[in-house]
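The primary structure of each chain is shown beneath.
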Amino acid sequence: MGEPAIELRHVTKRFLTPSGTAYTALRDLDLAVHEGEFVAVVGPTGCGKSTTLALISGLEPPSEGEVLVGGAPVRTVGRDVGYVFQVDAVFPWKSVLDNVATGPRFRGIDRREAEERARDWIKRVGLAGFERYYPHQLSGGMRKRAALAQTLINEPRYLLMDEPFSALDVQTRTLMENELLQLWSTTRASVVFVTHDLEEAIALADRVVVITAGPGTVKGTYRVDLPRPRNVAEIRFQPEFSRIYKEIWDDLRDEVLVSYERSKRSVS
Amino acid sequence: MSALSAASRNEPARSQETSATAARKRARTNRRLLVNGLRIGIAVIVLAVWEVGTTIDETHKDGLWIDPFFYGRPSGIKDQLWTWIQNGTAQGPLWLQVATTLEEAFLGLVIGVVLGVVFGVALGRIRLLSDVFAPYIKALNAMPRVVLGSIFIITIGYNIWSKVALAVVLVFFVVFFNAFQGVREVDRVLIANARILGASERQLSTQVIFPSALSWILASLHTSFGFALVGAVVGEYLGSYHGLGLVIYTAQSSFNPNGVFGAMFILAVVALTAEFGLTWLENRFIRWRPNTITTDVRI
Chain A
1 MGEPAIELRH
11 VTKRFLTPSG
21 TAYTALRDLD
31 LAVHEGEFVA
41 VVGPTGCGKS
51 TTLALISGLE
61 PPSEGEVLVG
71 GAPVRTVGRD
81 VGYVFQVDAV
91 FPWKSVLDNV
101 ATGPRFRGID
111 RREAEERARD
121 WIKRVGLAGF
131 ERYYPHQLSG
141 GMRKRAALAQ
151 TLINEPRYLL
161 MDEPFSALDV
171 QTRTLMENEL
181 LQLWSTTRAS
191 VVFVTHDLEE
201 AIALADRVVV
211 ITAGPGTVKG
221 TYRVDLPRPR
231 NVAEIRFQPE
241 FSRIYKEIWD
251 DLRDEVLVSY
261 ERSKRSVS
Chain B
269 MSALSAASRN
279 EPARSQETSA
289 TAARKRARTN
299 RRLLVNGLRI
309 GIAVIVLAVW
319 EVGTTIDETH
329 KDGLWIDPFF
339 YGRPSGIKDQ
349 LWTWIQNGTA
359 QGPLWLQVAT
369 TLEEAFLGLV
379 IGVVLGVVFG
389 VALGRIRLLS
399 DVFAPYIKAL
409 NAMPRVVLGS
419 IFIITIGYNI
429 WSKVALAVVL
439 VFFVVFFNAF
449 QGVREVDRVL
459 IANARILGAS
469 ERQLSTQVIF
479 PSALSWILAS
489 LHTSFGFALV
499 GAVVGEYLGS
509 YHGLGLVIYT
519 AQSSFNPNGV
529 FGAMFILAVV
539 ALTAEFGLTW
549 LENRFIRWRP
559 NTITTDVRI
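Residue numbers (the numbering used here), protein chains in the order written: chain A, 1 to 268; chain B, 269 to 567.
Treat the hints as calculated values from the structure; they're not laboratory data. Treat the hints with care, as some may be off.
[Unchecked claim] Computed from the model, here is a short list of chain A residues facing chain B with C-beta under 7 Å: (1) ALA89; (2) THR102; (3) TYR260.
Bear in mind that the values here come from a model prediction, so they are computed numbers and not experimental data. Beta carbons are placed, not taken as given, at the ideal position from N, Cα and C, and that holds for glycine.
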């Protein structure tokens with residue numbers, strides 16, 4: 001398989017809490033993503049899934065261990081990285097066109113060319129005709145499409161996605177998942193897709209990584225040998241799908257329970 | 269999306285819709301008439317009570333409700349304004365007084381806003397600066413800054429710049445705190461997104477942080493213009509050659525309440541006009557915001 005595209009070696013990440021104590025989000029995490037591979041990371045809430053993405057993107061440095069992207073250690077925010085956030089991250093004061101053109105503009109491409117490329121990407125995510133709209137005039141699904149176009153226009157080789165579709169209704173979500181797979185098949189970027197939804201993880205990914213309840217570390221890795229191209233809406237009915245689902249769920253269930261017990265205790 | 273579905277509806281439905289629209293329009297017009305009618309009504313009643321109260325039984329020594337010697341009288345205020353317009357004030361023509369005060373207020377506003385935004389954004393962005401300057405800014409803000417007016421009169425003199433300086437000091441803090449807070453409250457995710465998309469530090473400031481803080485800054489402008497006027501007028505009280513503050517001071521010294529009210533009326537008109545201008549400016553700049561925030565009634 002050669003050199004992994006993204007690699008985390010014995011990574012630990014601690015944060016300083018407002019009360020002055022250290023909170024360990026990740027402990028001794030090892031993860032490797034190969035070139036062009038789609039890896040889904042699942043785990044209970046608060047297990048440090050998003051932190052993993054922050055480390056790979058260079059937004060946060062690890063407390064211990066090493067993060068390598070494209071074989072080189074991550075020092076700052078990389079040029080080849082794309083990041084789709086869980087919440088709306090499109091700029092509310094920019095129109096759809098300006099939002100999508102933001103990446104190329106930041107990277108020094110002149111306005112005419114940036115807008116031309118933006119129009120192309122807006123078409124590809126199915127937002128043609130909405131170029132002049134502001135985000136608050138769009139539905140949640142449409143804003144997500146805009147965010148997707150905004151990220152993909154930079155043609156990232158490493159695509160990080162943090163529960164991007166969790167705020168969408170089920171129908172829109174399935175639709176977006178299919179479109180994501182279709183867009184990805186043309187770019188073949190290496191993807192790390194964080195989610196708490198196991199079905200989504202299996203439907204999309206080549207490999208599913210289960211993270212333990214915080215502090216997060218890898219509990220298990222599962223290969224998903226379902227043929228591509230996939231139709232997310234129908235793949236769930238395949239026997240192989242339910243077999244993998246059961247296998248992973250046996251692992252994940254304990255972690256979810258641990259995290260649930262903990263949240264109950266912190267509330268009471 | 270709703271426009272699309274409305275367009276695809278058939279004809280009978282559309283005619284129903286137009287009559288519903290007409291009804292809504294009528295209801296809106298009626299409501300506007302009611303609100304404006306009541307507004308005018310209040311002004312008429314207050315002015316009438318004032319006028320009648322100062323006029324009734326003027327021959328009787330203690331029969332007055334309101335003594336026009338102290339409280340003036342609407343018709344007297346009108347006469348005073350008319351005299352000023354025709355013959356000018358004791359300090360020269362009326363337009364010169366208004367123009368002087370406006371010039372001071374606007375210069376104070378512009379300089380104060382620019383300084384406030386620059387310092388607010390800088391301290392909001394650079395942690396060390398804000399930590400170092402925090403106690404000084406708090407101390408200066410806690411002080412009643414109007415007393416600085418006397419210092420400015422002594423150091424700068426009776427010209428307009430001592431009033432501009434006072435207006436700047438008053439405006440600065442309002443804008444500064446809003447800009448500072450605006451920068452601090454910028455959505456972390458937006459900053460992270462911009463950095464991923466390739467923004468340099470400068471692009472981050474100009475294209476993410478400043479536009480995001482702009483709604484805070486523009487909101488502060490409404491209060492700021494009021495403060496700029498206060499600075500100009502108080503500065504003129506303290507010592508000046510021209511200006512509405514001096515007109516008020518002169519009227520006060522000669523026990524002329526109609527003069528004080530007249531100048532107050534002019535100031536109110538000026539402030540309201542500026543307020544309309546600022547709202548217009550705000551709506552132009554923040555077009556991206558959902559309408560619910562920008563079009564609500566301001567009082």
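Status of each hint after checking the structure:
Nearest Cβ of chain B to the Cβ of ALA89(A): about 4 Å, under the 7 Å cut. The hint holds. With a least beta-carbon distance of about 5 Å to chain B, the hint placing THR102(A) at the interface is held under the 7 Å criterion. At a threshold of 7 Å, the smallest CB-CB gap from TYR260(A) to chain B is about 27 Å, leaving the interface hint violated.
Of the numbered hints given earlier, the model fails hint 3 alone.
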